[in-house]
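Student: I would like the entire structure built from these sequences, with the hints used as guidance.
Listed here are the chains, written in short residue letters.
Number of protein chains: 4
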Amino acid sequence: MNTSTAKPVVLLRPAPQRRDRIFTPQALAALHELFTVVDLEDTPGDEMFDRHLPEAFAIIGQPDLGAERLAKARKLKALINVEGNFFPNVDYAAAFSRGVRVLGCGSAYSQAVAEYSLGLAIDLARGISNQDGAMRAGSEKYVSESNTDAVLLHRATVGILGYGNLGRSLHRLLQPFHNTVRIYDPWLPPAVIEDTGGIAAGLEETLSSSQFVYVLATATADSAHLLDGPALDLLQQGARLVLVSRAAVVDYDALLDRLVAGRFLAAIDVWPLEPVPHDSPFRGLPNVVLSPHRAGGITQAFHSIGEMVVDDLTLMARGLAPVRLQAAAPELVGRYRNKPVT
Amino acid sequence: MNTSTAKPVVLLRPAPQRRDRIFTPQALAALHELFTVVDLEDTPGDEMFDRHLPEAFAIIGQPDLGAERLAKARKLKALINVEGNFFPNVDYAAAFSRGVRVLGCGSAYSQAVAEYSLGLAIDLARGISNQDGAMRAGSEKYVSESNTDAVLLHRATVGILGYGNLGRSLHRLLQPFHNTVRIYDPWLPPAVIEDTGGIAAGLEETLSSSQFVYVLATATADSAHLLDGPALDLLQQGARLVLVSRAAVVDYDALLDRLVAGRFLAAIDVWPLEPVPHDSPFRGLPNVVLSPHRAGGITQAFHSIGEMVVDDLTLMARGLAPVRLQAAAPELVGRYRNKPVT
Amino acid sequence: MNTSTAKPVVLLRPAPQRRDRIFTPQALAALHELFTVVDLEDTPGDEMFDRHLPEAFAIIGQPDLGAERLAKARKLKALINVEGNFFPNVDYAAAFSRGVRVLGCGSAYSQAVAEYSLGLAIDLARGISNQDGAMRAGSEKYVSESNTDAVLLHRATVGILGYGNLGRSLHRLLQPFHNTVRIYDPWLPPAVIEDTGGIAAGLEETLSSSQFVYVLATATADSAHLLDGPALDLLQQGARLVLVSRAAVVDYDALLDRLVAGRFLAAIDVWPLEPVPHDSPFRGLPNVVLSPHRAGGITQAFHSIGEMVVDDLTLMARGLAPVRLQAAAPELVGRYRNKPVT
Amino acid sequence: MNTSTAKPVVLLRPAPQRRDRIFTPQALAALHELFTVVDLEDTPGDEMFDRHLPEAFAIIGQPDLGAERLAKARKLKALINVEGNFFPNVDYAAAFSRGVRVLGCGSAYSQAVAEYSLGLAIDLARGISNQDGAMRAGSEKYVSESNTDAVLLHRATVGILGYGNLGRSLHRLLQPFHNTVRIYDPWLPPAVIEDTGGIAAGLEETLSSSQFVYVLATATADSAHLLDGPALDLLQQGARLVLVSRAAVVDYDALLDRLVAGRFLAAIDVWPLEPVPHDSPFRGLPNVVLSPHRAGGITQAFHSIGEMVVDDLTLMARGLAPVRLQAAAPELVGRYRNKPVT
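Residue numbers (the working numbering), protein chains in the order written: chain A, 1 to 342; chain B, 1 to 342; chain C, 1 to 342; chain D, 1 to 342.
FYI, nobody ran anything at the bench for these hints, they're computed from the structure. Since the model is a prediction, treat every value here as computed from it, not as a measurement. The reader is advised that the hints may include incorrect statements.
Said to hold, decoys possible - FRET-style restraints, in silico, Cβ to Cβ: (1) C:His178 with B:Asp222: 40 to 46 Å; (2) A:Gly229 with B:Leu332: 53 to 59 Å; (3) C:Gly334 with B:Asp195: 26 to 32 Å; (4) B:His178 with C:Ser139: 44 to 50 Å; (5) B:Asp195 with D:Glu41: 37 to 43 Å; (6) C:Gly334 with B:Thr43: 35 to 41 Å; (7) B:Val260 with C:Ser97: 29 to 35 Å; (8) A:Pro190 with B:His178: 24 to 30 Å; (9) D:Ser97 with B:Ser139: 53 to 59 Å; (10) A:Ala94 with D:Arg172: 35 to 41 Å; (11) D:Gln26 with A:Asp20: 52 to 58 Å.
As the list claims (entries may be wrong) - Residues from chain C that keep clear of chain A, each with C-beta distances beyond 12 Å, as calculated: (12) Arg18; (13) Leu28; (14) Asp46; (15) Tyr92; (16) Ala134; (17) Tyr142; (18) His154; (19) Thr196; (20) Gly197; (21) Ser209; (22) Leu234; (23) Leu256; (24) Pro275.
Positions of the beta carbon are idealized from the N, C-alpha and C atoms, including for glycine.
Tutor: The following block contains the structure:
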């Protein structure tokens, strides 16, 4: 491979992501058109990586990058995480001080997660999967007989925990429902929330005042078991809890107790242990929509990662700023505790 | 019961609807406050009805009202259908010529149907009830493994068949998805559709150009089996068909063939025969969301009927026009072929 | 002219409207294609009108139609007002009892009025025409110096008086501003307003709680001088009053007093006497945007009347209901007191 | 002044901005509550500034900060520009390499500019300030007589040049108008534009296909005289040009020629020389709305700068990332050529 041309060099080592999941053939061709791509997906060991590191303009993936190694990457302008979680195997402080853009792809999933969350909320409101199961079992109830607990989203009170990409994308989808939307996000000043038409509220008020509660918070030390037993007890009788992000935020034992007691309904997409044990008591609950971690990982989301990478590297090669991937905040990049998806 | 007071007389004979399903205690109290209500729900026979007919200001329900009987209702100003379908047991022409408002409650269901339709569409797009069933059976697939066919609603092509109350309510909910929305409604001039941002299109174009197709058409002689085999063959491979209104619009044999062949996915809420036979081959199809006629009949919809009745009778008693119930069109009231729900 | 063909006959006598203002050549051609049009715009006297009346399917315009004359119009199905105001020269009750659709074109103006009203509001908020005048006089002030009173629409409190076509069209345009919108309309039950996200409020609350107040009310006996001195005194210091419809609703002497005193700002498009007298003291007020009755009467609005007429007559000739023009309410048609525009 | 407490030190030297224009008393009190504020607004010379620099956590303003001076600012975490334009008196590269957040306040103006731009567009569409002037001169024309050129915004074609904060804020306000919106921004990949429902287009297509064109571009070497004579000739006859940002983008001689010829209409808020010369030929043009650089600088915008500063410094003092002010892009901060407002 001749990497001595004038094209900037991009090192591609996407693990635990996979090249062909995020790049369509068209996107990969566009990347090769503009860059000298050193594709190391199938190359074990560090030798080739270290050989090309000094000439790298960008790295796609999240290989180990301590300060020493970063010091050798003298031309490096961008470190692009294509998996969604920032691991501690990179010396981010060193990267920032060297002027390396640390870019993440979290926003690629937000439309998918928002649509899925809305679908789960309507399912909880109306019992769609419950009666689909009933029709398959021959026990369905017609017309209003299975609608005794059904409620509208229209003009309902809504709570959103966490107002990052996911929460904002969801909020946009809720516009036509004329909800009263309370938002709890301790990393945001109230004005950010109020400018979008939401109500900045504390956790207690958000939980106790909302018929629908969406959990879309990032896992950090601060948010661990944010929803413990006492917090869950604040939920209204018959509330709908949509639990999409992240399992670490919730005490599942406390959650199970309250669901067994029929206190509220829940749709659950994330689990403390995945796969969920076969004998998990959640599996048989009638007031739950069960979902095996499916909210974000769809083909269009993966492909948008590849397109974002190509678009932003193209801009950066022109001397412009990236606009699609998200710049990691130096203040926050060490706080995230999301586990990588395996 | 003394009905000789100055309050206008309202005859209440809501069958096949039920008084306590549509009137909350508060709404019923408000009705009694303003009107002398002759409640005939539990009074069999016509004697009492005919006795009070000459003094009736309004009738709630749809008792037999031929021209002769209407001629006796000299003070009648409103005939209020609280069930949703106009039966041919009323001489509507005679009612119109006598200046009687014929009012329907169809719009009471439209928000409920629109939300349910959107929920079905997201379910079809993302396999929510399919994987809920899988988790209950212990056969779920995690993360992207069960997402191979998943698609976004965002920026998808959408077709809506029928643009009455239901179609318009749904269209409003779709605004944040930035869809290209084609609408087929042969009763509407294109300008009505285009003013809402939709594209007025023919049936063929709507079916063949849309990833999501919502069937929200009224059953009439013209729309019977609108979706027959050749029409269904226009759908794209992998299209999502949301079938909510009305069963008469679709040829279910042709539909079954194409679903068995895996041509597309469908969510079905209305059925040619209800209850659906236990051995119906639809019950086992993996690419279908099964729903036992549940889209509209929820408590909030029923209660809104009662509120609409009270609001509009209040206006009419003040000499104003009704604004919540829908005035039946003389041109159309004989065309509807929806069967009453039993 | 041979009017004995099978095509339905339409009598066209549009005064005080003019044929060529509402019908584009294309629309007029479409009308002639489907109907035998008896064009009486330039035919004085009643002879020709009365000769064709017995065969008329529809009348476009508002000629004198007493009960006797209507009795001769045995085939008449539609009486289409193309000017905007219902005059008392028609026996509307007789028309209704004969099953004649009485249709109005008021909605043709609503988008134009809504956009103009929003433009006036922004002008009042930001002083656009004031500083345009200043630049023409060489007395402008730059940057923030002329912005001391400037306010945002974003998140402001808004009041709308009258929630017919005009008010609803305006409300839609306000969606992105995240306003708190209070609506006063005594002909509507609160639920109609609340379903749109507005707050149903009384007149006093609407006036005293709103930074921007839009007057879009119909003139009736009830609404005459709705905004008299005491009502205007409820407005906040510095409020913005957008007065578009109708002059009869406001006491202009009281309004002048308060504007001279600098209590609030106003944009005024309707006037008790038009043309406004040359020495009207309104003409020199700095806190007023002056407008000579221009909100609705633009070419696109006029042309949409013609298109609505063609669309609805086409539907009615097919036996369907009209959907674009508005059916006059028998209860209300006699209440309007708007003067025709001359 | 005792700055030895544990509170982080903030140096306040806001020129050319003014402290009391951006901080309300409440905001200033909040700033003092959390920080040791060294207020240098009224302190000439560098002595005090240099004395406090080594302990500064943040600097509000844009004093000269070469690499040498920055090297002394060992605790500096944020350099906050509160005027809107980045001057070249700071060694931004040095700041970035030291991990200093360089934050701008441009977004504070975007709602004000967007609302003003919409107001100008409606004025151009409807002649509001033109007829306000006519009424003051006694030469107004009533009803449709002054509306011959009036057009709706509804469903019009729209072009936006520049899709930064200003363009996006405007685009949100246009949602209810159902426009076809073409957007030209050479710094953005098409996907960013298309995700918002816009059409990513080239300059020529945007100019030639749009009835309304909004100029909201940043001044850079690339955008200088973007709208020269040949570009302006692409505009449609009768187009509406809203020119808000920046004067350097337009060739005003070429613009004047075309306005004198009546080719199109324009609203102009920015000028190559301000104040505009008294004898400027623009001042007398009837097809122009004249505005003395007023789009952004309103009280609410200025106060939001102060609130953004307090909010973000509060977050940063907690170890979190700023979310309201905009992080300057290292790639772009040297490119801007906007002159400071004097």
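Student: Now tell me, hint by hint, if it's right for this structure.
Tutor: Each hint tested on the structure:
Between His178 (chain C) and Asp222 (chain B) the C-beta distance comes to about 44 Å, which sits within the given range of 40 to 46 Å. For the pair Gly229 (chain A) and Leu332 (chain B), the supplied restraint of 53 to 59 Å holds, since their beta-carbon distance comes to about 57 Å. Checked against the given bound of 26 to 32 Å, the beta carbons of Gly334 (chain C) and Asp195 (chain B), roughly 30 Å apart, stay inside it. At roughly 46 Å, the beta carbons of His178 (chain B) and Ser139 (chain C) sit within the given window of 44 to 50 Å.
Under the hint 37 to 43 Å, the C-beta atoms of Asp195 (chain B) and Glu41 (chain D), about 55 Å apart, miss the expected range. Hint check: Gly334 (chain C) to Thr43 (chain B), Cβ distance near 38 Å, so the stated range 35 to 41 Å holds. As the Cβ distance of Val260 (chain B) to Ser97 (chain C) is approximately 56 Å, the hint placing it in 29 to 35 Å is violated. Roughly 29 Å separates the CB atoms of Pro190 (chain A) and His178 (chain B), a value that falls within the hinted 24 to 30 Å.
A hinted range of 53 to 59 Å holds for the C-beta pair Ser97 (chain D) and Ser139 (chain B), which are about 54 Å apart. For Ala94 (chain A) paired with Arg172 (chain D), a C-beta distance near 39 Å keeps the hint of 35 to 41 Å intact. Remark: the range hint 52 to 58 Å for Gln26 (chain D) to Asp20 (chain A) is upheld by a beta-carbon distance near 55 Å. Distance check for Arg18 (chain C) against chain A: the nearest CB is about 41 Å away, which clears 12 Å, and the non-interface claim stands.
Taking the minimum C-beta to C-beta distance to chain A, about 39 Å, the non-interface status of Leu28 (chain C) holds against the 12 Å cut. Chain A leaves Asp46 (chain C) outside its interface by the beta-carbon criterion, the shortest separation being 53 Å against a cut-off of 12 Å. At roughly 37 Å, the least C-beta separation between Tyr92 (chain C) and chain A is larger than 12 Å, which holds for a residue marked as non-interface. For Ala134 (chain C), the non-interface assignment is confirmed: its Cβ lies about 32 Å from the closest Cβ of chain A, beyond the 12 Å cut-off.
Listed as outside the interface, Tyr142 (chain C) is consistent with that label: its C-beta sits roughly 28 Å from the nearest C-beta of chain A, beyond the 12 Å cut-off. Here His154 (chain C) does not stay apart from chain A, with its beta-carbon only about 8 Å from theirs, under the 12 Å limit. Look at Thr196 (chain C): its CB is around 8 Å from the nearest CB on chain A, not clear of 12 Å, so calling it non-interface is violated. Here Gly197 (chain C) does not stay apart from chain A, with its beta-carbon only about 5 Å from theirs, under the 12 Å limit.
The Cβ of Ser209 (chain C) lies farther than 12 Å from every Cβ of chain A, with a closest approach of about 19 Å, so its non-interface assignment holds. The claim that Leu234 (chain C) lies off the interface holds: its Cβ sits roughly 27 Å from the closest Cβ of chain A, which is beyond the 12 Å cut-off. Interface exclusion of Leu256 (chain C) from chain A stands, the closest Cβ pair being 38 Å apart, more than 12 Å. Chain A leaves Pro275 (chain C) outside its interface by the beta-carbon criterion, the shortest separation being 44 Å against a cut-off of 12 Å.
Violated hints, in rising order: 5, 7, 18, 19 and 20; the structure is consistent with all others.
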